[in-house]
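Peer 1: In order, the protein sequence lines correspond to chains A and B.
Counting from 0, one number per residue, gives the positions in the first sequence under numbering that gives the first Met the number 0.
Counting from 0, one number per residue, gives the positions in the second sequence under numbering that gives the first Met the number 0.
The reader is advised that the hints may include incorrect statements.
[Stated by the list, open to error] In silico contact screen, one side only, chain B against chain A (beta carbon under 8 Å); selected entries:
{"hint": "1", "residue": "LEU71"}
{"hint": "2", "residue": "ALA79"}
{"hint": "3", "residue": "TYR148"}
{"hint": "4", "residue": "LEU150"}
{"hint": "5", "residue": "ARG209"}
{"hint": "6", "residue": "THR330"}
{"hint": "7", "residue": "LEU379"}
{"hint": "8", "residue": "LEU506"}
{"hint": "9", "residue": "PRO557"}
Hints were generated in silico from the structure; no laboratory data involved.
Glycine residues also receive a C-beta, built at the ideal position from the N, C-alpha and C atoms.
Now for the letters of each chain:
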Amino acid sequence: MSARPPRDELAETTAVGEIYLRRLVRAQLGLSLTALLSFGGVFAGLPLALWLAPGVDDVQILGVPLTLVVLCVAVFPVLIGVGRLYERRATALDEAFRDLVGGDAADDEDA
Amino acid sequence: MIAIAAVASVALATIGLGAWGVRLARTTSDLFVASRAVTPWWNAAAISGEYLSAASFLGIAGLHMRIGAAALWLPLGFTAGYLALLLFVAAPLRRYGSYTIPDFAEARLASPRVRTLAAVVVLTIGAMYLVPQLKGAGLTLGEITGAPYWLGILIVGAIVAGNVGLGGMRGITYVQAFQYWVKTFAIALPACLLLIHLGGLPERAALFGRELPSAGPSGLVVELDDAQRVQFPRATSYTLDGRPQRAAAGEERVLPAGRLQLPPGAAVPVADGTTPKPGVEWAEPVSPGGDASPVFVYSLLLATFLGTMGLPHILVRFYTNPDGPAARRTTVRVLGLLGLFYLFPAVYGLLGRVLVPELYVTGETDVVVLRLPEVAWPGLPGELLGALVAAGAFAAFMSTASGLLVSVSGTLSFDLWGRSDRSAVRRRRAFRVAALAGMVVPALLALGARRLDISLLVGWAFAVAASTFCPLLLLGIWWSRLTTAGAATGMVAGGLTASGCILTGLLIGDGNGEVMEALLAQPAAVSVPLAFATMIGVSLRGRRRSDWRAQMLALHGPEGLGLEELGLGRRVT
């Protein structure tokens with residue numbers, strides 16, 4: 000019984016299955032929090048930076064204040080970039096987990 | 000005339016697309032989640048189309064014109080809310096396979112009572128968010144045709160209720176995707192053409208320099224329909240119905256209804272509730288005190304960042320993704336589509352400050368998007384562009400109102416009407432009756448809410464969503480120890496605190512210190528941590544569900560493990 004496939008442990012929600020699952024949930028949550036912190040650094044720091052650095056108001060790009068350019072335009076590509084990176088990594092984590100516990104492919108081997 | 004035709008064609012196209020959807024809406028499952036076979040791009044356009052409401056199309060530009068660059072935190076928060084959704088909610092919730100938030104609450108916590116509580120919250124947020132949409136419709140129709148306020152509410156309400164009741168979501172998915180492109184085109188094209196026509200931003204001194212918004216080189220004429228309380232920022236002469244008058248700097252006066260004329264270059268008086276600001280101050284996203292204080296900005300960002308996932312009409316749409324990874328792909332596309340749209344509202348705020356300063360006098364800055372094209376480009380081009388933005392505004396009310404009504408009527412017919420197993424025909428009939436009932440109440444409220452600020456109602460909805468459904472979802476998905484008692488007390492505590500703060504703020508008015516005022520207007524910074532702390536604290540005193548491992552597996556187990564046949568991992572197929 001010691002060589003039971005991980006998939007069965009998962010399916011029967013045993014303590015061993017729980018270890019596999021917990022590892023996945025922690026990895027996914029860690030990834031999400033990393034993405035949140037990396038974007039949050041910009042997102043949450045922006046009001047503070049604009050407030051504490053009054054000199055920024057004088058910088059202009061094509062006659063428009065830099066603060067306005069950052070707030071209206073520059074933040075969106077950052078947002079999309081973080082989202083895209085996260086999506087790839089999260090899908091990769093799912094795939095690694097599938098390989099680990101053996102999904103449908105493992106079924107075929109058993110049969 | 001052109002504007003009326005444009006609005007009518009958007010309305011007809013919506014009805015047409017809805018009718019096309021009706022023929023596809025065969026089963027109850029179709030009606031609710033469009034059989035979950037919509038591609039990520041369609042879905043992303045539909046989600047964005049549903050999300051971009053009156054607040055986005057008219058409200059941001061109007062608020063920008065009124066309070067300055069601090070209003071531009073709103074589009075950032077509205078978009079970032081989908082990042083929070085992507086990182087923590089989209090894939091697990093789709094895998095779990097519930098139809099709505101009440102459905103999720105009941106399945107996750109095995110408690111019909113939590114479901115009922117969640118249903119009540121859905122109806123509350125839904126109504127709070129429907130009222131400003133209908134109000135926007137009434138204002139817009141009045142602006143372009145001079146029709147009475149109630150007529151716009153009646154027309155939009157009737158079209159939306161009919162469409163939702165007859166087509167369900169299958170129709171709505173394509174209607175919403177169509178509406179996204181109407182809205183983006185309608186806000187982007189006039190913004191670009193006006194900037195080219197004017198040769199860039201005019202009057203930089205009023206925008207970013209020392210100047211206040213002022214009458215143009217030929218003076219300014221404002222027709223006042225009602226008496227209006229205003230403040231004169233600088234000493235100026237003016238005439239009222241031809242009688243010459245003088246006002247001292249900083250003087251407050253009540254102007255009677257009539258024709259106000261200001262001499263060329265005079266600083267315009269501003270309506271009660273608006274602070275006159277020179278360009279430098281107006282262009283600052285954060286400044287001490289007032290409507291741009293750091294406390295208010297952070298609280299608003301928190302409400303929008305965490306509140307988006309709790310809007311009931313948004314999550315429903317994620318179930319039309321076939322699986323978890325598709326839900327993630329859809330959400331990334333939504334970030335792109337929303338970012339594209341939100342490039343443009345600020346253009347109207349900037350141009351409006353210079354070109355339509357009369358809105359400062361009347362206090363109706365909410366109509367700046369509609370008014371600007373004809374003022375900035377007199378003649379046929381302006382009229383055509385004005386018709387285009389009017390059509391876009393109508394698309395905004397109809398799409399958001401449709402999405403909300405699907406959620407509200409789904410909740411009414413499924414969660415509160417009695418959930419005993421009934422025939423599909425009777426369920427469909429219940430859904431249709433609910434669609435009608437779900438529209439009547441907000442329409443009546445909108446008739447009474449003519450004087451209430453659109454941004455107030457919208458901010459309230461986000462604060463309540465962030466203080467109730469956000470902790471329920473985040474803890475329910477990522478924390479196996481959440482209990483029924485914890486979830487219920489947390490939602491009640493968060494929702495009551497958020498609503499209580501806003502009501503208190505309305506009752507006691509201004510003058511209570513900067514931090515206090517900011518938190519009463521936007522209480523998320525207090526109510527969200529409180530809701531989380533209550534949920535966690537109460538849950539730790541109880542026992543977690545015995546089947547928590549299966550619950551976590553259903554939420555986080557990737558597709559393709561072959562667990563479905565074992566009756567695990569997917570509750571609903």
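Peer 1: Each of the hints needs a verdict: does it hold here or not?
Peer 2: Hint check results:
1. LEU71: The hint holds - LEU71/B has a Cβ within 8 Å of chain A, the shortest such distance being about 5 Å.
2. ALA79: Check passed: Cβ of ALA79/B comes within 6 Å of chain A, closer than 8 Å.
3. TYR148: violated (32 Å)
4. LEU150: Violated - the Cβ of LEU150/B stays beyond 8 Å from chain A, reaching only about 35 Å at its closest.
5. ARG209: Violated - the Cβ of ARG209/B stays beyond 8 Å from chain A, reaching only about 13 Å at its closest.
6. THR330: holds (7 Å)
7. LEU379: Since the shortest Cβ distance to chain A is 30 Å, the answer is violated.
8. LEU506: With a closest approach of 29 Å, the LEU506/B hint is violated.
9. PRO557: Result: holds, 4 Å to nearest chain A Cβ.
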